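Undergrad: Note that the protein sequences, when read in sequence, are chains A and B.
Position 66, counted from 1, in the first sequence is what the working numbering calls 66; the numbers after and before it change by one each time, with no gaps.
Position 69, counted from 1, in the second sequence is what the working numbering calls 69; the numbers after and before it change by one each time, with no gaps.
Since the hints were made in silico from the structure, they are not lab data.
Treat the numbers as computed from the prediction; the structure is a model and nothing was measured.
A portion of the hints provided could be inaccurate.
With the C-beta cut set under 8 Å, the calculated list includes, among others, these residues of chain A facing chain B [unchecked claim]:
| id | residue |
| --- | --- |
| 1 | R37 |
| 2 | G43 |
| 3 | P44 |
| 4 | F46 |
| 5 | L49 |
| 6 | L89 |
| 7 | S99 |
| 8 | I101 |
| 9 | F103 |
| 10 | G104 |
| 11 | S105 |
| 12 | G106 |
| 13 | R112 |
Backbone N, C-alpha and C define an ideal beta-carbon position, used for all residues, glycine too.
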Amino acid sequence: SQKIEQNSEALNIQEGKTATLTCNYTNYSPAYLQWYRQDPGRGPVFLLLIRENEKEKRKERLKVTFDTTLKQSLFHITASQPADSATYLCALPGYSSASKIIFGSGTRLSIRP
Amino acid sequence: ETGVTQSPTHLIKTRGQQVTLRCSSQSGHNTVSWYQQALGQGPQFIFQYYREEENGRGNFPPRFSGLQFPNYSSELNVNALELDDSALYLCASSLELAGGPEQYFGPGTRLTVT
Numbered sequence: 001s002q003k004i005e006q007n008s009e010a011l012n013i014q015e016g017k018t019a020t021l022t023c024n025y026t027n028y029s030p031a032y033l034q035w036y037r038q039d040p041g042r043g044p045v046f047l048l049l050i051r052e053n054e055k056e057k058r059k060e061r062l063k064v065t066f067d068t069t070l071k072q073s074l075f076h077i078t079a080s081q082p083a084d085s086a087t088y089l090c091a092l093p094g095y096s097s098a099s100k101i102i103f104g105s106g107t108r109l110s111i112r113p
Numbered sequence: 001e002t003g004v005t006q007s008p009t010h011l012i013k014t015r016g017q018q019v020t021l022r023c024s025s026q027s028g029h030n031t032v033s034w035y036q037q038a039l040g041q042g043p044q045f046i047f048q049y050y051r052e053e054e055n056g057r058g059n060f061p062p063r064f065s066g067l068q069f070p071n072y073s074s075e076l077n078v079n080a081l082e083l084d085d086s087a088l089y090l091c092a093s094s095l096e097l098a099g100g101p102e103q104y105f106g107p108g109t110r111l112t113v114t
């Protein structure tokens, strides 16, 4: 069955540095991968979608890479700020049904001033 | 803020009872998905509705059921509540597009079963 793995431990980064989060998946090749941000007690907020034929995508201070050979996506936040502190989730469409989106368990990111 | 709203915000129910959660999707979106999120976990897909028909279901028992209305709002019904049903229930709306739609989530309903 499909499996998504994200850094289970929280990531603590000094303000101004680049934060890098990892999403690994197994057992199939998705057509795309999504990244979401979730603040405590709130619903996830869509950030970026990268397709299998795209190596890299950028949006302001965010950059996502998608390596279909390694079955891995990296999510970077450059010039990190305390306001970037949140849990970041990666998500893939299901193997048997594209409507079934599979989420990882998320990585909690803390940016200290 | 997305245009997706959910009600109620919080709910406390007793084991064995039934509950109905409601979701209004973002204007123009014809697809609604429901998720269950336990503490410290990612959202788990329950089911999706597209133009009032169920369009995919996750590994949840039949006591989890849903509806989508002509205005694309949606309900999630859970019968015979169990303690493990305590979680944050999220709905997400999207405009069905080929190749992967973005989903817009509501704030969620926090359900506690005692």
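Undergrad: Each hint should be assessed against the structure and marked as holding or not.
TA: For each hint, the structure was consulted:
{"no.": "1", "hint": "R37", "in the structure": "11 Å, violated"}
{"no.": "2", "hint": "G43", "in the structure": "3 Å, holds"}
{"no.": "3", "hint": "P44", "in the structure": "5 Å, holds"}
{"no.": "4", "hint": "F46", "in the structure": "5 Å, holds"}
{"no.": "5", "hint": "L49", "in the structure": "6 Å, holds"}
{"no.": "6", "hint": "L89", "in the structure": "5 Å, holds"}
{"no.": "7", "hint": "S99", "in the structure": "3 Å, holds"}
{"no.": "8", "hint": "I101", "in the structure": "6 Å, holds"}
{"no.": "9", "hint": "F103", "in the structure": "3 Å, holds"}
{"no.": "10", "hint": "G104", "in the structure": "5 Å, holds"}
{"no.": "11", "hint": "S105", "in the structure": "5 Å, holds"}
{"no.": "12", "hint": "G106", "in the structure": "5 Å, holds"}
{"no.": "13", "hint": "R112", "in the structure": "22 Å, violated"}
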